[in-house]
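Student: Sequence:
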Amino acid sequence: MATVKRRYPKEEFARRGDAVYESAVRPHLTPADKGKFAAIDIDSGAYELGDDELAVCERLRERTPKAQIWLVRVGSRYVHHFGGHSLREKA
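What the sequence shown shows, in this note's numbering, is residues 54 to 144, in sequence order.
Simulated from the structure, these hints should not be mistaken for laboratory data. Small disclaimer: the values here were computed from a predicted structure and weren't measured. Any given hint could be a false lead.
[What the hints assert, rightly or not] With a straight-line Cα cutoff of 20 Å, these simulated DMTMM-like cross-link-like pairs (lysine to aspartate or glutamate) come out:
no., residue 1, residue 2
1, Lys63, Asp86
2, Lys58, Glu111
3, Lys119, Asp94
4, Lys58, Asp104
5, Lys87, Asp105
6, Lys89, Glu65
7, Lys119, Asp71
8, Lys58, Glu75
9, Lys87, Asp104
10, Lys58, Glu115
11, Lys63, Asp94
12, Lys63, Glu75
13, Lys119, Asp96
14, Lys87, Asp71
15, Lys58, Asp96
16, Lys119, Glu106
17, Lys63, Asp96
18, Lys89, Glu75
19, Lys119, Glu65
20, Lys89, Asp105
21, Lys89, Glu106
22, Lys89, Asp104
23, Lys87, Glu106
[What the hints assert, rightly or not] Ranges between beta-carbon positions, derived for each pair:
no., residue 1, residue 2, range
24, Thr83, Thr56, 17 to 25 Å
25, Ala72, His133, 32 to 40 Å
26, Val57, Val132, 13 to 21 Å
27, Lys63, Pro84, 28 to 36 Å
28, Arg69, Pro118, 15 to 23 Å
29, Arg116, Glu75, 16 to 24 Å
30, His81, Val132, 13 to 21 Å
All residues carry an ideal CB built from backbone N, CA and C; glycine is no exception.
My request is simple: use the sequences and hints to build the entire structure.
Tutor: Rendered as structure tokens:
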């Protein structure tokens, strides 16, 4: 798969990605979609939804080869979480 160069500064990329998610993707989501990945082309508004982040990006890239992809995890502010929490019981 060929690499597509980012056409926007990071801040603009994020702003556009969030705006498209809120206006074009989120209204179509259901509670069953929570935890899935949404790969969104920030130029066209096209998106793919699924459980595997690489697969949704590949499907979107098949439909829109020059897509500027913004990846979102439905129901979360983060695509991935690093770290964890203590499993010890509190006294």
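Student: With reference to the structure, classify each hint as holding or not holding.
Tutor: Against the structure, the hints:
1. Lys63 / Asp86: violated, 27 Å
2. Lys58 / Glu111: Satisfied, since the Cα-Cα distance of roughly 16 Å is no more than 20 Å.
3. Lys119 / Asp94: The hint holds at about 9 Å.
4. Lys58 / Asp104: Cα-Cα ~25 Å, so violated.
5. Lys87 / Asp105: Holds, because 13 Å separates the two Cα atoms, which is no more than 20 Å.
6. Lys89 / Glu65: Outside the cut-off at roughly 24 Å; violated.
7. Lys119 / Asp71: Given that 20 Å is the threshold and the Cα spacing comes to 19 Å, the pair holds.
8. Lys58 / Glu75: violated, 24 Å
9. Lys87 / Asp104: Answer holds: Lys87 to Asp104 is near 10 Å, not above 20 Å.
10. Lys58 / Glu115: With a Cα-Cα distance of about 16 Å, the restraint between Lys58 and Glu115 holds, given a limit of 20 Å.
11. Lys63 / Asp94: Between Lys63 and Asp94 the Cα gap is close to 15 Å, so the pair holds against 20 Å.
12. Lys63 / Glu75: At roughly 18 Å apart (the allowed maximum being 20 Å), Glu75 and Lys63 satisfy the hint.
13. Lys119 / Asp96: holds, 10 Å
14. Lys87 / Asp71: Distance of about 17 Å is within 20 Å: holds.
15. Lys58 / Asp96: Status holds; Cα separation ~14 Å.
16. Lys119 / Glu106: Given pair Lys119, Glu106 holds - Cα atoms ~18 Å apart, limit 20 Å.
17. Lys63 / Asp96: Status holds; Cα separation ~14 Å.
18. Lys89 / Glu75: With Cα atoms ~16 Å apart, Lys89 and Glu75 stay inside 20 Å; holds.
19. Lys119 / Glu65: holds, 17 Å
20. Lys89 / Asp105: holds, 8 Å
21. Lys89 / Glu106: holds, 8 Å
22. Lys89 / Asp104: Roughly 5 Å between the alpha carbons, so the hint for Lys89 and Asp104 holds.
23. Lys87 / Glu106: Since the Cα atoms of Lys87 and Glu106 sit roughly 14 Å apart, the hinted pair holds (cutoff 20 Å).
24. Thr83 / Thr56: 17 to 25 Å: violated, 33 Å
25. Ala72 / His133: 32 to 40 Å: Check failed, 22 Å falls outside 32 to 40 Å.
26. Val57 / Val132: 13 to 21 Å: Because 18 Å falls inside the window, the suggested range holds.
27. Lys63 / Pro84: 28 to 36 Å: For Lys63 and Pro84 the Cβ distance comes to about 32 Å; the hint holds.
28. Arg69 / Pro118: 15 to 23 Å: holds, 19 Å
29. Arg116 / Glu75: 16 to 24 Å: The hint (16 to 24 Å, Cβ to Cβ) holds, given that Arg116 and Glu75 are roughly 21 Å apart.
30. His81 / Val132: 13 to 21 Å: holds, 19 Å
Checked against the numbered hints listed earlier, the structure breaks hints 1, 4, 6, 8, 24 and 25; every other hint is satisfied.
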